[in-house]
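In order, the protein sequence lines correspond to chains S and F. Just so we're aligned: 119 in the UniProt record's numbering is position 119 of the first sequence, and the numbers increase by one with no gaps anywhere. Just so we're aligned: 193 in the UniProt record's numbering is position 193 of the second sequence, and the numbers increase by one with no gaps anywhere.
Derived by calculation from the structure, the hints in this document are not laboratory data. Be a bit skeptical, because a hint or two may be false.
One copy or any two copies: either way a pair holds, since identical chains are not told apart in the list.
[As the list claims (entries may be wrong)] Quick list of in silico lysine to aspartate or glutamate cross-link-like pairs, EDC-like style, CA-CA up to 20 Å:
| hint | residue 1 | residue 2 |
| --- | --- | --- |
| 1 | K100 | D210 |
| 2 | K35 | E305 |
| 3 | K19 | E246 |
| 4 | K42 | D222 |
| 5 | K2 | E32 |
| 6 | K303 | E32 |
So the chains spell out like this:
Number of protein chains: 2
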Amino acid sequence: MKKLLFTPGPVMMSKKVLKIGSTQPMYFRNGEFSKIMFECKKLILKLLNAPNGSDVVFIGGSGTLGMEATLINIIEKNQKASIINGGGFGERFAKICKQKSINFSEIKLRLDENINFDTIDKNCKALFTNAHETTIGRAYDLKSIGEFCKKNKMLFCVDAISAFMADEIDMTKQQIDAIIISSNKGLALPPGLCIIILSKNYIENLIPCDSFYMDFKNYLNDIKRGQTPFTPPICIIYQLLERLREIDKKGILYFNKKASNLAKYFRNHIKDLPLKLYSKFPSNAMSAVEITNQESAFEFVKKFEKLYNVTLTPSGGNLKEKLIRVGHLGNLSKKDMKFLIECLNEYFKGKK
Amino acid sequence: MKKLLFTPGPVMMSKKVLKIGSTQPMYFRNGEFSKIMFECKKLILKLLNAPNGSDVVFIGGSGTLGMEATLINIIEKNQKASIINGGGFGERFAKICKQKSINFSEIKLRLDENINFDTIDKNCKALFTNAHETTIGRAYDLKSIGEFCKKNKMLFCVDAISAFMADEIDMTKQQIDAIIISSNKGLALPPGLCIIILSKNYIENLIPCDSFYMDFKNYLNDIKRGQTPFTPPICIIYQLLERLREIDKKGILYFNKKASNLAKYFRNHIKDLPLKLYSKFPSNAMSAVEITNQESAFEFVKKFEKLYNVTLTPSGGNLKEKLIRVGHLGNLSKKDMKFLIECLNEYFKGKK
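Turn these sequences into a full structure, and let the hints guide you.
Written as C-alpha cells, this is what we have:
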C-alpha cells in the first residue's frame with residue numbers, strides 16, 4: 001500500500017505529473033525551452049490575477065531562498081522592512097534581516113491576536129508577511145494588510161508558499177507586490193523550484209542586489225526571452241507546465257474549494273477525538289491541531305505512521321510536542337481524508 | 001529517434017536513474033531520509049578522496065549558487081580572494097566578488113597561457129579557480145595550483161562543476177579545500193542540486209555568512225543528523241543515491257577513463273574536418289572546437305540539430321560564432337560518438 005502524505009509539503013503528486021519527472025532533461029538555451037517558460041509565466045500571472053506590468057522570477061532553490069531574495073532586492077541598508085511575525089515563518093523574515101544587517105521592525109503576534117495596524121512601523125519601504133503561518137496553521141487577512149500597505153505607500157510582500165492553491169491569493173484584489181511560492185506545496189511538484197511574482201511597483205523599486213545568484217534584475221532581463229541567468233531545475237519546469245495547464249483548465253477556484261472541502265471534512269470529524277484545532281483562523285491548506293490527551297505530538301506522529309502508513313507532521317520548536325499538522329494540499333481525495341479519519345478513530349477509540 | 005545530447009550539461013541520463021525521477025517525494029524530516037543523506041555524503045567523500053574531517057553541503061540551486069556560497073562563507077570584507085580567470089567561468093568568480101564588494105585580485109589568462117605563479121597575489125585568504133574553464137574547454141593543472149596554495153597558506157577552492165567524473169579530482173592529492181559540483185554535469189542527474197565538499201581547514205576558517213540561505217554553518221550542523229536547513233530537492237537526492245552507488249561500484253577511474261576514451265575518439269576523428277581543437281589543454285569532459293570553414297558556430301549548431309537530432313552547443317560571448325562545444329559526459333557510448341562523427345562527416349563532406 002502506498003504511503004499517504006498529509007504533510008504541508010512535499011505533498012501527493014498526480015500520476016501524470018510524476019511521470020514527467022522521468023523525462024530526459026534537454027538542452028535549454030533554445031527557443032523550445034523558452035516556449036515552455038513563456039507559457040509557465042503566462043499561466044502563473046493569470047492564476048494569481050497579476051496586474052499588468054507584473055513579471056515572474058523562476059529560481060532554483062527552496063522557498064526560503066525566495067524569502068531572502070525578495071527582501072534583499074528591495075530593502076537597502078538605509079531603508080527598513082516591516083515584518084508580521086506570528087510564528088516560525090514570520091520570524092524567518094526577521095532572521096534573514098538580522099543576518100543581512102537589514103533594518104526591520106516587527107510586530108509579534110500571539111496565537112490569534114489581531115493585527116493592530118496602529119502598532120506597525122509606517123516608516124518602512126515594504127511589509128513582509130506569510131499568507132499562512134504554517135507552524136501554527138494561522139491564515140492572515142491579506143486584503144486588509146494590502147489596504148494598509150497601499151494607504152501607507154509600503155510594498156506588500158507575501159510568502160504564499162503554503163497557502164497558494166488552498167486559499168485565495170489574488171494580487172490585484174489584495175494589492176500584493178511580491179508573492180513567493182515554491183514547487184513542493186500547492187503546486188504538488190518535487191521541491192527545488194521557487195517562483196516569485198513581482199508587481200510593476202516592486203520592479204520599479206528594485207535596488208542594487210548584493211547577491212549574484214539572487215539578483216532579480218538578471219532574472220527579469222532573461223525571462224524576456226524565456227530564459228534564466230543560471231541553469232534552472234529543468235525537469236521540475238517540465239512538470240510545472242503540465243500542472244499549470246491542469247490548474248488553468250479547472251480554474252484555481254476549483255482547487256481552493258477542494259482544499260476547503262477537505263479541511264472542513266477533517267475538522268468536522270475530529271470533534272469527538274482528543275484533537276483541537278489550534279488557531280481560530282485556519283488556512284484551507286492545513287489543520288494544525290493540538291493533541292489534548294497528554295500524548296507527545298512528536299511521538300504520536302511516528303507511531304501513527306508505523307501503524308497506518310500515513311504521514312502527518314509535528315510542528316517545530318516548542319510546539320513540537322503539542323501540535324500535529326494535517327495537510328490538505330496536493331493530490332488528496334475525500335476518500336483519503338475518510339481513511340485518515342477512520343485511522344484516527346481506531347487509534348484513539350480502538351474502533352474503525 | 002531520441003535526441004542525443006553532446007552538451008556540457010544537462011547530459012544523457014541512464015534509464016535507471018531517469019525512472020527514479022518519477023518517485024513520489026516523501027516527507028524528509030525523518031530517519032529514513034537521513035539515512036539516504038548519510039550514504040550520499042559518505043560516497044561523495046570517498047569519490048573525491050576527501051581527507052579526514054572533510055564534510056559536505058547539499059544545497060538546492062545551480063552551480064553558480066555554489067560558487068557564490070563558497071566565496072561568501074570564507075572571505076570577509078577585510079580579506080581578499082585570488083582568482084584565476086581564463087574565461088567566462090573564471091570571470092564569474094570575479095563578478096560575484098564585485099557584486100558582493102569582496103576584495104579580489106585576479107590573473108587573466110589568454111588561451112593556453114601558462115599560469116605564472118609569481119604574478120599571483122599571495123596576500124589572499126583563498127584562491128578560486130575552475131578545474132575546467134568550460135567556455136573554451138581548457139583544463140587546469142590542479143596539482144600544481146594546490147601546491148602553490150599550500151606553500152602560500154591559501155585555501156584552495158575549485159569549481160569542478162564540469163570536470164568532476166571526467167578528469168581526476170582528488171582532494172588529498174591536489175590539496176583542495178573546497179570543491180563545487182552540481183547535479184546536471186558528470187553526475188548525469190537533472191539540474192537543481194549543488195554539492196560542496198569542504199576540507200577541515202576550510203571549515204575551521206568559516207566566517208559569519210551574510211546570506212541566510214547560503215550559510216554553510218547551518219548546513220554543516222544539520223548534515224550531522226542527515227538533514228538540511230531548508231527543503232532539499234528530494235527527488236534529485238533519490239537519484240543521486242542510485243547514481244553514487246553505480247559510480248562507487250565501478251570506481252570513479254572507470255568513468256574518468258570512459259570520458260577520456262570518448263574524447264580521444266572524437267578528437268582523432270575530426271582531423272580531416274574543418275574542426276580544430278581550441279585549447280591544447282582540453283578536459284576529458286568536453287571538446288571545444290573551432291569551426292574553420294567560415295560558418296557561424298551558432299548557426300551550425302542549430303542546423304546540425306535539425307538535420308541529425310543531435311544537440312551540440314556553441315560557446316557564449318564573443319566566442320559564440322567561433323566555437324562548438326561537444327560534451328563527453330553522461331550516459332554516452334562509443335556508438336553514440338561514432339554516430340556523431342558520421343553525421344559530422346556527412347554534414348561537411350556529404351558522405352556517411
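Quiz item: Is it within a copy, between copies, both, or neither that the alpha carbon of K35 lies no farther than 20 Å from that of E305?
Solution: between (42 Å within a copy, 18 Å between copies)
Practice problem: State whether the alpha carbon distance between K303 and E32 is at most 20 Å within one copy, between copies, both, or neither. | Solution: Result: close only across copies, 14 Å inter versus 48 Å intra.
Quiz prompt | Within, between, both or neither: K42, D222 at alpha-carbon 20 Å | solution = Cα proximity of K42 and D222: one copy only (15 Å, versus 38 Å across).
Self-check item: K100 and D210: within-copy, between-copy, both or neither at 20 Å Cα
Solution: For K100 and D210, both the intra-copy (10 Å) and inter-copy (5 Å) Cα distances are at most 20 Å.
Quiz item: Is it within a copy, between copies, both, or neither that the alpha carbon of K19 lies no farther than 20 Å from that of E246?
Solution: Close inside one copy (15 Å), not across copies (23 Å); limit 20 Å.
Quiz item: 20 Å Cα cut-off: does K2 pair with E32 within a copy, between copies, both or neither?
Solution: between (36 Å within a copy, 16 Å between copies)
Violation of the numbered hints given earlier is absent; every hint is satisfied by the structure.
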